[in-house]
Amino acid sequence: MSTTAIGQPNSVAIGFFILFILITLGITYWAARRTRTTEHFYAAGRTISPGQNGFALAGDYMSAASFLGIAGLVSTTGFDGLIYSTGWLVGWPVVLFLIAEPLRNLGKYTFADVVALRLKQTPVRIAAAVGTLATVILYLIAQMVGAGGLIKLMFGLSYETAIVIVGVAMIAYVLFGGMLATTWVQIVKAALLLGGALLLALLVLARFHFNPAALFGAAATKYGSAVLNPGKLVSNPLDTISLGMALMFGTAGLPHILMRFYTVPDARAARTSVFYATGLIGFFYLLTFVLGFGAMVFVGPGAIKAVDKGGNMAAPLLAEFLGGTPFLGFIAAVAFATILAVVAGLTLSGAAALSHDLWVNAMHRGEADSREELRVARAATVILGIIAVVLGITFKGQNVAYMVSLAFAIAASGNFPALLMSIFWRRFTTAGAVSSMLFGTLATLLLIYLSPTIQVDILHRTTAWFPLKNPALLTIPLSFLVGVVVSLLGARASADDRALDRRMHLGEARG
Amino acid sequence: MPPLTSLESDERLRALAARRWRIALTLTAVMIALYFGFIALIAYDKPLLATLVAPGLTLGILLGALVIVVSWLLTYGYIRWANTRYDPALRALDDAAPNAGASR
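These protein sequences, in sequence, are chains A and B. Just so we're aligned, residue 1 is where the first sequence starts under my numbering, counting upward by one. Just so we're aligned, residue 1 is where the second sequence starts under my numbering, counting upward by one.
No wet-lab data here; the hints were simulated from the structure. Incorrect hints may appear among the rest.
Which chain A residues face chain B? A few, computed with CB under 10 Å, are given here [said to hold, decoys possible]:
{"#": "1", "residue": "F79"}
{"#": "2", "residue": "L96"}
{"#": "3", "residue": "A213"}
{"#": "4", "residue": "R271"}
{"#": "5", "residue": "I281"}
{"#": "6", "residue": "A368"}
{"#": "7", "residue": "D369"}
{"#": "8", "residue": "V485"}
{"#": "9", "residue": "V486"}
Where is the CB? At the ideal position from N, CA and C, for every residue including glycine.
Given only the sequences and the hints, what does the whole structure look like? Please build it.
The structure is reproduced here in structure tokens:
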């Protein structure tokens, strides 16, 4: 492949992109008229159906890192990239079995509602907000950096301009349309992303008589059978397991995902929506097998790396090969829509942590005027949006997929253990919850700083204090341990366990 | 169903909840075993995963795809049980609660 339109302004891409912006702003206008209370702003009035929420969960979860990143990894490393495809899905059954229903029955807007339920509000809310904001901001930076690079490559705009456009659009969705607009933006995006990926995969498979094994075989013939086997990317077994733990348990601690369970009417709808989401996301990750190997066969690892060292342009290059510049434009616009939708969901959950957890429950003991809370939530949205734009510009050039896996590590170590223990364990105390959340978040950040990725790759030292790239293997068990030990050392919290038990299973309206 | 005393109602709810947690924890354990089994094979037995099960299809790729499919089937099994058995039992219990209606 000698020439590519990537990097040139692409009129089809710009056309599709403007269309997406117009549609989503129309949705926002429609949603804004229905967003008057905090219940609308944070939870779309709890009117979202299970099918809609399934699409929205999938939309919130399938970030550009998974679409562009996995296709890129598979096309340049072969099998190793598939470890991410499976790892990013296996957290969903865990969310369904352990978290979704109690979360919906016990909480109101954020996962901190559930952790703080039986415990002292102020310290628990502050600790949960620290974990939420650390996760959300790292995730936001990763998406912003990805968006800037992507738009620069695809539309020829400057990195900074691209980030400002993303920032303004996401603030508009969340500020005016709240959860209702954010949900529908996710649904539109999920349908576009799944449709685009499916079309691309079908075009690839059409050249192999719709037999995926023939495609894999062609890749092996061209680049050696090693591309179908585990290789260099997973040379350290403990690193592989640690990454797997972060991916599996991180999903159950992602604030913007957990928040979606409050948008449906009841626990049954929450449960059913995870089933739809798992199906959609699983299907999408199966498609990445085909997209990655398709890009390897038709475009070639060398040509992919020549455009972008990280391999992130594999899927767009494949689209260009199969459908020319118009299809490239369509896939580019889909990738951009993907990023916009994910940052909107992240911003909303960060704003909820700032206003609902910190401002209302930690600072005003849960007694704030609902209209005032809405104003604070909207102010928080604007502040977070500006922070995301500034950090996105500051962190230009960082590795996107790695930063996302760090956000997962914090979610898995800071948020997930405390949430699970607050649901399962009545002996859990305020001190236990606070120390588990703070320990998980801070230890993860510290060990990331001491890891080879920061010490060797970025600071160019010869050795690193901590041997693993991802600390989840250590920090998840330790966060549980800290929570248990600190709880057992303190006095038992007094709470009406009977009422809470009934509510956990029967929901708030009953019990 | 005749109204239950609050003690009976609590007993039944506890039994039902214990059953749900047992099923949920078992499925979670299956999920963890499935995924970390796959990861352990990648980490410690690369030659096995390189075995060809069909031309162009290695055991590794097949197992990777199966992990995704089986995860989804497990969620289907759970929601089927929960929607057809667990929910009706909960509803029956709730309708027969001593203060049914009062707390709504």
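Hint-by-hint comparison with the structure:
1. F79: Cβ of A/F79 sits 6 Å from chain B, so the hint holds.
2. L96: At about 5 Å, which falls below the 10 Å cut-off, the nearest Cβ of chain B leaves the hint on A/L96 intact, so it holds.
3. A213: 4 Å, holds
4. R271: Holds. Min distance 6 Å.
5. I281: Where the cut-off is 10 Å and the nearest Cβ of chain B is about 9 Å from A/I281, the hint holds.
6. A368: Constraint on A/A368 not satisfied, violated at 26 Å.
7. D369: 27 Å, violated
8. V485: It is violated, given that the least Cβ distance between A/V485 and chain B is near 22 Å, above 10 Å.
9. V486: 24 Å, violated
The structure is inconsistent with the numbered hints 6, 7, 8 and 9, although it conforms to all the rest.
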